[in-house]
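Asks: What follows is the residue order along each chain.
2 protein chains.
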Amino acid sequence: MIEFKIIHEDKKTKARAGVLKTPHGVIETPIFMPVGTRATVKAMSPDELKEIGAQIILSNAYHLYLRPGHDIIREAGGIHSFINWDRAVLTDSGGFQIFSMSEMRKVTDEGVEFRSIVDGSVHFFTPEKVIEIEEAIGADIIMVLDELTGYPVDKKRAEIAVVRTAQWAKRCKKAHQTNQALFGIVQGSTYKDLRKQSAELTVEIDFPGYAIGGLSVGEPHEEMLEVLNYTVPLLPKDKPRYVMGLGDPTSLIESVAIGVDMFDCVLPTRVARNGLAITSIGKVNIRNSKYAIDFSRLDPNHDCYTCKNYTRAYLRHLVKAGEILGARLLTWHNLSYLIETMKEARKAILEDRYAEFMARYQSKHEKEFGTV
Amino acid sequence: MIEFKIIHEDKKTKARAGVLKTPHGVIETPIFMPVGTRATVKAMSPDELKEIGAQIILSNAYHLYLRPGHDIIREAGGIHSFINWDRAVLTDSGGFQIFSMSEMRKVTDEGVEFRSIVDGSVHFFTPEKVIEIEEAIGADIIMVLDELTGYPVDKKRAEIAVVRTAQWAKRCKKAHQTNQALFGIVQGSTYKDLRKQSAELTVEIDFPGYAIGGLSVGEPHEEMLEVLNYTVPLLPKDKPRYVMGLGDPTSLIESVAIGVDMFDCVLPTRVARNGLAITSIGKVNIRNSKYAIDFSRLDPNHDCYTCKNYTRAYLRHLVKAGEILGARLLTWHNLSYLIETMKEARKAILEDRYAEFMARYQSKHEKEFGTV
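Going down the list, the protein sequences come from chains A and B.
Positions 363 to 734 (this note's numbering) are the ones given, in order, by the first sequence.
Positions 363 to 734 (this note's numbering) are the ones given, in order, by the second sequence.
Some hints could be false.
Note that the list lumps identical chains together, so a pair holds whenever it fits in one copy or between two copies.
[Said to hold, decoys possible] Derived EDC-like pairs: lysine to aspartate or glutamate, alpha-carbon spacing no greater than 16 Å straight-line: (1) 532 with 494; (2) 468 with 656; (3) 412 with 568; (4) 374 with 490; (5) 374 with 714; (6) 670 with 656; (7) 554 with 584; (8) 404 with 685; (9) 682 with 481; (10) 705 with 490.
Derived by calculation from the structure, the hints in this document are not laboratory data.
Can you make the complete structure from the sequences, with help from the hints?
Replies: So this is what it looks like as structure tokens:
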């Protein structure tokens, strides 16, 4: 099981620094969790993830169920052993994956039928089935099966998803047998009353941690912040709060001020493979021709392996040539940058200067990030 | 410049152990050189190459001329600085690349006109131009521009290439101004008298090292060995001998017995990206379904990072899912395996047991490798 303790609350904001104990190490919050959808954080090795200070990574029950199959991971002794990672792991249930491919699924109160992206075969997920899969995979933290809606969505549709997600959460909790920590998920799109309803229904079931889902799916940045501002206080203060799918540094920093503890997103790894670096001086699209003879470091203020050892000119060459090393080095940098940014945020909280930290960051980056 | 010294000759075979001093470190021969065509050994970082014991890597003047451009590499302070590699580098002239795309080039005694694979633009390489490019890139060892023929090729055509290669080699030597070591290349396809003619013409020009080109282009393994058996003794004993484009372990081990010192090939890295491992127990096609629940190490007798830390089941999953880490881990293993095999070969030479070493290897692998 997990234990969560808030060790300090910032005096001027709602930001908090916490410690989350898991069977695979201690996580210092707030934290950004790199995403390893298919049992690998794309382009990174487990040792490199340790080197950049990752304390927990994500994987995805839906993807692992389809390939290699959760039975194989159970047989391997669980996900930690399968992927050679002895720190913490969180598995998402795959709700997001199933519902983002709407043309391939059919949802009822009982569960959701969908077609495999691997071979087109038909599968049926119930809350109970998802728990069985997540228990076989063996992550430290597992997520309930939720139904999420896109943006925009009409209120009726959003309400159905809120009620169904709560019913499924109840069934997940009932089916859950191991000592993995099962987190509930709050839905409700951008409707405040639905968010309230979802938070109340979910908190009533009582979970050791709560996620806010269905954000960063196309809504404006300001609307997302508003929903968080409204929803986060509805969650128990003494439990970890996790906003799913948020990965641009500005959103992370603003969400921490609202009292969020955990984040994950494919953004830093995905944009890296396209040649986009997230740096202390803003976005750097390394494909830009102005970097062709730029022999300076990628981020003048960052000290990761990539920044210390390679020039923009070389990184540009690698990315333009489609070389794997280019994807590796930019991924390394982006993850390192986000993890370091959360470390700095934590330090600022501990020193009661989070508001200043956030203001300085926003003034530097407002125009450059937004939702990357 | 380089210095080559043979430190021991095996008593029963023609195998020799040498030391090749370069401005970027000492190379112990026989050696396999990983290929980094476009200024990166695909999927590997420079630090990882050091970890597996690579003492020299290849790059390619033709590819670097097209992208990023040799001027950019000169501006960066040369290839070592550009790619963050302080050990030795060898650049091939690109003869092979130009001539393997026959539909895109036109060759005369003056030089060769070809179309860029990057943007279709038309370029003209002369021996002088190639030297200018290789000098800008700044590798420790550079190669003359050669004309090579495919297999099979009629003798007339092969003879023209032999004569032209020698003329071009002379012009390369004349144009060459730096203290980089310029190697000549012997051509002549599978015709013994042409190989003899080419060796004599090339040796007459006098180079600090000699390569044998135009092999492993489709001819049977036995014919390749016959050509080497015939050609190698025609080269000066006190100069390094380099067979271009050979990368399967059996061929390497047999060629060392004939007196070859240096090898390069894209094979170990290319097949790795397709899921094929070269191991002490033969080829392992990791995609095979029999590895799905095989939690043993990739090569039971090898101790590289991949073998020590990951199971066949996980490697299979990564490769099947098209994950970069799969390509990385198999590339690591294949290069490590070839480099280690050459180290063992060297040890066997120093201990006058190369024949036994080779016999044991052949008996184990004859059926499994051949030309991979």
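Asks: Work down the list of hints and note, for each, if the structure agrees.
Replies: The hints, checked one at a time:
Taking the shortest Cα distances, residue 532 and residue 494 sit within 16 Å of each other inside one copy (15 Å), while across copies they are farther apart (72 Å). In this assembly of identical chains, residue 468 and residue 656 lie within 16 Å of each other by CA distance neither inside one copy nor across copies; the values are 52 Å within and 36 Å between. Within a single copy, residue 412 and residue 568 get their C-alpha atoms no closer than 33 Å, and across copies no closer than 52 Å, so neither meets the 16 Å cut-off. Neither within a single protomer nor between protomers do residue 374 and residue 490 lie at most 16 Å apart by alpha-carbon distance, with minima of 43 Å and 70 Å respectively.
When the C-alpha separation of residue 374 and residue 714 is checked against a cutoff of 16 Å, the pair qualifies only within one copy, where the shortest distance is 7 Å, while the shortest distance between copies is 77 Å. Within a single copy, residue 670 and residue 656 get their C-alpha atoms as close as 15 Å, which meets the 16 Å cut-off; across copies the closest is 39 Å, which misses it. In the homo-oligomer, the alpha carbons of residue 554 and residue 584 lie at most 16 Å apart inside one protomer (14 Å), although the nearest pairing across protomers, at 77 Å, exceeds that limit. Both within a single protomer and between protomers do residue 404 and residue 685 lie at most 16 Å apart by alpha-carbon distance, with minima of 14 Å and 7 Å respectively.
Taking the shortest alpha-carbon separations for residue 682 and residue 481, only the inter-copy value of 13 Å comes in at or below 16 Å, while the best intra-copy value is 32 Å. Taking identical chains as interchangeable, the C-alpha atoms of residue 705 and residue 490 are never at most 16 Å apart, the minima being 37 Å within one chain and 55 Å between chains.
Of the hints listed earlier, those the structure fails to meet are numbers 2, 3, 4, 10, in rising order.
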